[in-house]
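Visitor: Protein chains in written order, with my numbering: chain X, 735 to 1034; chain Y, 19 to 197.
Hints are not guaranteed to be accurate.
[Claimed, not checked] Here are the simulated BS3-like pairs of lysine-lysine, each with C-alpha atoms no more than 25 Å apart in a straight line:
1) Y/LYS183 with Y/LYS171
2) X/LYS1004 with X/LYS961
3) X/LYS902 with X/LYS966
4) X/LYS902 with X/LYS961
5) X/LYS789 with X/LYS776
6) Y/LYS183 with X/LYS902
7) X/LYS896 with Y/LYS183
8) X/LYS966 with X/LYS1004
9) Y/LYS144 with X/LYS896
10) X/LYS896 with X/LYS975
11) Y/LYS171 with X/LYS902
12) X/LYS961 with X/LYS896
[As the list claims (entries may be wrong)] The calculated label-pair distances, taken between Cβ atoms and stated as ranges, are:
13) X/ARG968 with Y/PRO164: 25 to 35 Å
14) Y/PRO181 with X/THR967: 23 to 33 Å
15) X/ILE980 with Y/THR179: 19 to 29 Å
Hints were generated in silico from the structure; no laboratory data involved.
Beta carbons: idealized from backbone N, C-alpha and C, even for Gly.
Listed below, chain by chain, are the residues.
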Amino acid sequence: MLRNTFGNRLGRARRLVVIFLFATLAPFLAAQTAGTGTLTGKVLDASGAPVANAKVTAVSADTGQAQTVTTGVDGVYRLALPPGNYGVKFEAAGFVTVEISSETVTASGTSVQDGNLAAYAQSNQQTTAKSPEKPTEPSLNDLGFPPDQTAGNAAAQARLDKRSHMLKIHQRLGLVTAGALVATLVLSNGAAGRNSTASGRELHAVVGGVTAGLYMTTAYFAIFAPKVAGTKTRGSIRLHKALAGIHGPGMILTPILGVLAYDQRNSGQKVHGIASAHGAVATVTGIAYGAAMLSVVFKF
Amino acid sequence: MNQRILAAFWLLAAPALFGGDGQWVLGQSTLSYHVSHPLHESVGVSHQARGKGVCHAGQCDFLIAAPVKSFDSNDSNRDLHMLQVTRGAQFPLVTVRVVVPETELTAATIQCDLEIQFAGQTAHYKQVPFQREAHGNEIRITGTIPTTISDFKIDPPSLLTMPIKNDIPVRVDMTWRPQ
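Turn these sequences into a full structure, and let the hints guide you.
Guide: This is the structure:
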């Protein structure tokens, strides 16, 4: 059974790392012997599956006494220990042994800190994994990285994933919007000037409306993509954002001016007043939009 | 005659320069990855690598690690995207393990077998050549690791729906000193 559990993983021994969610819990159990704490947790492999029959050894830093227990089928272990500091070692066939240099067990009032413990586990996964065959090889602990640089953070990764996903949609919709924008500009020939016709204005208005809608949707995915705290905007994305400060208002103003111009033309008037700026505003907006696209494509 | 003198020098100097039962620590370092996209190329650089080497019983084990987020390409958007695709928040360090026979450490070109852990994956590279220069009691190691994104099962980042090329060679420039 044990061989079946780990046998298939032996070949991947160096690729698999025991990941454990290490929960320190020292409840003062009134029903049990006073002064005894509990060290408990779960041993998982890299895929998050529980590791059964893993050997967990706690060695008292004060007395040198060791206690060993094996995990159940759910990967959970539990050790009843006197309060104190312990070194804890996790071993399983086919996996790299993981050691924690110091873990405190207390006899009173300790809470479970799942979030921190997950990070702690990630940290130790990477910082204390040692190959027992090579006792002299350096470990990550020797390099002295601060914990915040070694601790994995699943929540932060999920945030990055969401950010990238939204920005990818932003990019793709941006391309579609660019196509619609070009089409709107081309169709403006039939909406203004000597070649202007009612149907031309209709078509230009409809395609322009679609473009504005696409633009707003595109902008949504950039504006509401999760921000990463502490990141200073650098590089071509600064120009990209600065240009958005031009084409953003332009994309709001252009349709408004277009509606005014449309109404004036359809009522037989010559386009006048603020509506006469429709073409100029649209042109500036289109140029700023194109430049914003180019800014992320080419280095300046 | 000169060759013999040179050989004798290396024989005597080797333990002091890069060998013996000693330990080494990474001083200055520059690690840079090179990304090629159909529209442009970019380079991400990190100077935050840390490393240690332990020589014992004729074998030297080196470990070098750098925070993934420390690689800087002068573009915050690109760096965040690279951090995402390489799962840098979940696996914040890239580590390189090198095992070299002590006898090879005095050669001008050192052939190294590397084990790289990155993005939650482990890849092995055989016989990667590194150039070695001695400067006083410091050793400068330079070379290029022929990494690819598929080695680490990374989905290729894309710009305007065009993905980057698979090759992301990592240029290494490290200075080691005895601890």
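Visitor: Decide, hint by hint, whether the structure agrees.
Guide: Okay, the hints, checked on the actual structure:
1. Y/LYS183 with Y/LYS171: holds, 14 Å
2. X/LYS1004 with X/LYS961: violated, 47 Å
3. X/LYS902 with X/LYS966: Between X/LYS902 and X/LYS966 the Cα gap is close to 20 Å, so the pair holds against 25 Å.
4. X/LYS902 with X/LYS961: Holds, at roughly 15 Å.
5. X/LYS789 with X/LYS776: holds, 12 Å
6. Y/LYS183 with X/LYS902: holds, 18 Å
7. X/LYS896 with Y/LYS183: Cα-Cα ~24 Å, so holds.
8. X/LYS966 with X/LYS1004: With Cα atoms ~49 Å apart, X/LYS966 and X/LYS1004 exceed 25 Å; violated.
9. Y/LYS144 with X/LYS896: Roughly 36 Å separates the two Cα atoms, so the pair is violated.
10. X/LYS896 with X/LYS975: Given that 25 Å is the threshold and the Cα spacing comes to 20 Å, the pair holds.
11. Y/LYS171 with X/LYS902: holds, 19 Å
12. X/LYS961 with X/LYS896: Holds - the C-alpha atoms of X/LYS896 and X/LYS961 are around 10 Å apart, at most 25 Å.
13. X/ARG968 with Y/PRO164: 25 to 35 Å: Taking Cβ atoms as reference, X/ARG968 and Y/PRO164 lie about 29 Å apart, which means the hint holds.
14. Y/PRO181 with X/THR967: 23 to 33 Å: At 24 Å between Cβs, range holds.
15. X/ILE980 with Y/THR179: 19 to 29 Å: holds, 25 Å
Violated hints, in rising order: 2, 8, 9; the structure is consistent with all others.
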